[in-house]
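Novice: Please build the complete structure, drawing on both the sequences and the hints.
Chains as they are written, first to last, in the working numbering: chain X, 1 to 361; chain E, 1001 to 1084.
The set of hints was computed from the structure by calculation and includes no laboratory data.
If you're wondering where the values come from, they're calculated on a predicted model, not measured in any experiment.
Check before you lean on any hint, since a few could be wrong.
What the hints assert, rightly or not - Calculated lysine-lysine pairs in the DSS-like style (CA-CA distance at most 27 Å, straight line): (1) E:1004 <-> E:1052; (2) E:1006 <-> E:1052; (3) X:63 <-> E:1004; (4) E:1006 <-> X:63.
As the list claims (entries may be wrong) - Just a sample of chain E residues kept apart from chain X, beta carbon distances all over 12 Å, derived: (5) 1002; (6) 1009; (7) 1015; (8) 1016; (9) 1021; (10) 1022; (11) 1029; (12) 1033; (13) 1051; (14) 1053; (15) 1057; (16) 1064; (17) 1073; (18) 1081.
C-beta atoms are modelled at their ideal positions from N, C-alpha and C, and glycine is treated no differently.
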Amino acid sequence: MMRIAIKGIGAVGGFGCGAADLAAALARGVGRVTGLVVPTAQGELQLPAYRAETERLEQFVPKRALRRIDHYSKMALLGAYLALEDGGLLGSDLSRLGVVVASGYGATSTTFAFLDSIIGDGDICASPTHFANSVHNAAAANISIMLGAKGPSLTVSQFDMSVPSALVTARLWLAEARVDAVLFGAVDEASDLIGYLQHRRCGPRHAGAIAPLAGGESSVIGEGSAFLLLTRKDDTPSYCSIDAVETGSLYHGEYSAPGDPLWLLGADGRRELCARYRAAVPAQSRVACYAPIYGSMPAAGAFDLAAAALILRSGRAYPIAGAAGCDMHGNAVPLETESICSLRLAGDNEYAAVTLSRRGE
Amino acid sequence: MDTKNKLKRILVEDLNLEELTPEEIDDSAPLFGDGLGLDSLDAVELVVLVQKHFGIEIKDMEEGRTAFQSVNALAAYIEARLAA
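Specialist: Next comes the structure, spelled out in C-alpha cells:
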C-alpha cells in the first residue's frame, strides 16, 4: 500500500490553536474544559465541554468575507489554513489540492436553526444563508472556495468511522495521482443538540477530567477541527508517514498490529467502549489516550493522528493527566518504537486502525 | 422602534455586519456596491428578512430594485405597503 506523508498539521480546539498549542497541551497532559449552556423546556443545562475559538481565522481571511460562514465551517477553515501554513503551502498554487473533510455530526447548530426557522416562520422565511451552511459539504466547499483549491472537495460522515473513511479517500486520490496534495481533516461542533443528546445519554455530569480507560462514564463533549496536509511520500522533510489504514469488524476482541507500536486508543470516556478498548490491544502493550486534551467527538480520530505525528517527529510520547488505565503518566518519555497504531472502535464491532511511522524520515 | 432603526438593526444583526453598528449606517447610502457593500446573496436574504420581520412579500424584481436602493428607500417602501 502506498505510503503518504504528513507535511503539515492544523488544529483548533479546547487546547488552543495550531500545532504548537496542541503539542503544548499534550506536554501538559490536559486540555481546557469550559462549558456549554443548552436551553431546554425544563430550563438551562450546564454541561462541561471543550470549546474552540476561531478569532485567529481573521489572520488569513478578511472579517467581512467570513460573515456568512458559521462556527462549524470557521473551525474547519481555520484548521485547513493552519495545516497549509505549517506545511509551507500557504500562498502556493493549489490547483491540484484536494479537500476531504470528515464529520460525525455535521453543522448541527446551523442545520437545526434552519429547521427551527421553518417551523417558526414557515418555509418561505427560511434563511438562504442558514440553508447554504447546513448542506452536507458546506465546510469542505468553504475551504476549497477560500483557498482556490481546484481538486475534488468531499465530506465523509460515518459517525466514529468518519475519519478513517475520509483518510481512505485521501489515499486513493493521491494513489491515482488525481491530486498532488490533500487537505484531510475532521470537524465537529459542540451544539445545543449534541449537548442535549449527551445529557440524555449520560445524565448530569460533573466537570471532572476524562478517564478514558477507567471503566465508568466520563466523556466530555469536545469540538474543534484537526487537519493534515498529505502528499505522496517523497524525500522532503515531513512529520511522519501513514503506512496503512484498515477498517473492518473486530469479532475476536484483539487487534493484531505489526511490530510493537505505541497504541493510541480512541477511548474517550464512553463507558460502553472502555472494556472493548482494553481487550483490543495485546497484553503488555504501551498505550496512550489523548481524549482528555480535546474531548469526546467523532472528529477526535483526526486529533489522534495529529498527536501521533507530533510524537513521531519529536521522538517523545506525552503523559496524560487523569487518564486512568493508560500507562503514559508523568513526564514525556522517549518513544522507543518506530510506529504508532491509532485504533478506534465503534458500534458493536467496528474498528479502524491507522499505522504511522517515521521510517525513512 | 421606527422602521429605519429596525431595518438597520436587522441589517447589522441578521446579515452579520459585525464591523458596523446600526447608528453608523447612512440612511441614504446605497445598500449594494460601494455603499454598505451588500451583494446578491444578501439581496435574497433581505427579501426573506423583510417578509419575516414586516410581513411584506417582495415578488416583483423591479419593485425590489427600487426598494433596495437605501435604508430610506426600503423604509419608505415598507411603510407604503403597510399603509396600503
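Novice: Next step is simple, just say for each hint if it's right about the structure.
Specialist: Against the structure, the hints:
1. E:1004 <-> E:1052: holds, 16 Å
2. E:1006 <-> E:1052: Distance ~13 Å between residue 1006 of chain E and residue 1052 of chain E Cα, so the pair holds.
3. X:63 <-> E:1004: Roughly 26 Å separates the two Cα atoms, so the pair holds.
4. E:1006 <-> X:63: holds, 24 Å
5. 1002: holds, 22 Å
6. 1009: holds, 16 Å
7. 1015: Since the minimum Cβ distance to chain X is about 7 Å, residue 1015 of chain E lies within 12 Å and the statement is violated.
8. 1016: violated, 4 Å
9. 1021: Holds: least Cβ distance 15 Å, greater than 12 Å.
10. 1022: Correct as stated: the minimum Cβ-Cβ distance to chain X is 16 Å, above 12 Å.
11. 1029: Holds, since 16 Å exceeds 12 Å.
12. 1033: holds, 14 Å
13. 1051: Violated, because the least Cβ-Cβ distance between residue 1051 of chain E and chain X comes to about 6 Å, which does not exceed 12 Å.
14. 1053: About 9 Å separates residue 1053 of chain E from the closest Cβ of chain X, which leaves it inside 12 Å; violated.
15. 1057: violated, 8 Å
16. 1064: holds, 15 Å
17. 1073: holds, 22 Å
18. 1081: Holds, since 16 Å exceeds 12 Å.
Hint check: violations occur at hints 7, 8, 13, 14 and 15; the rest are consistent with the structure.
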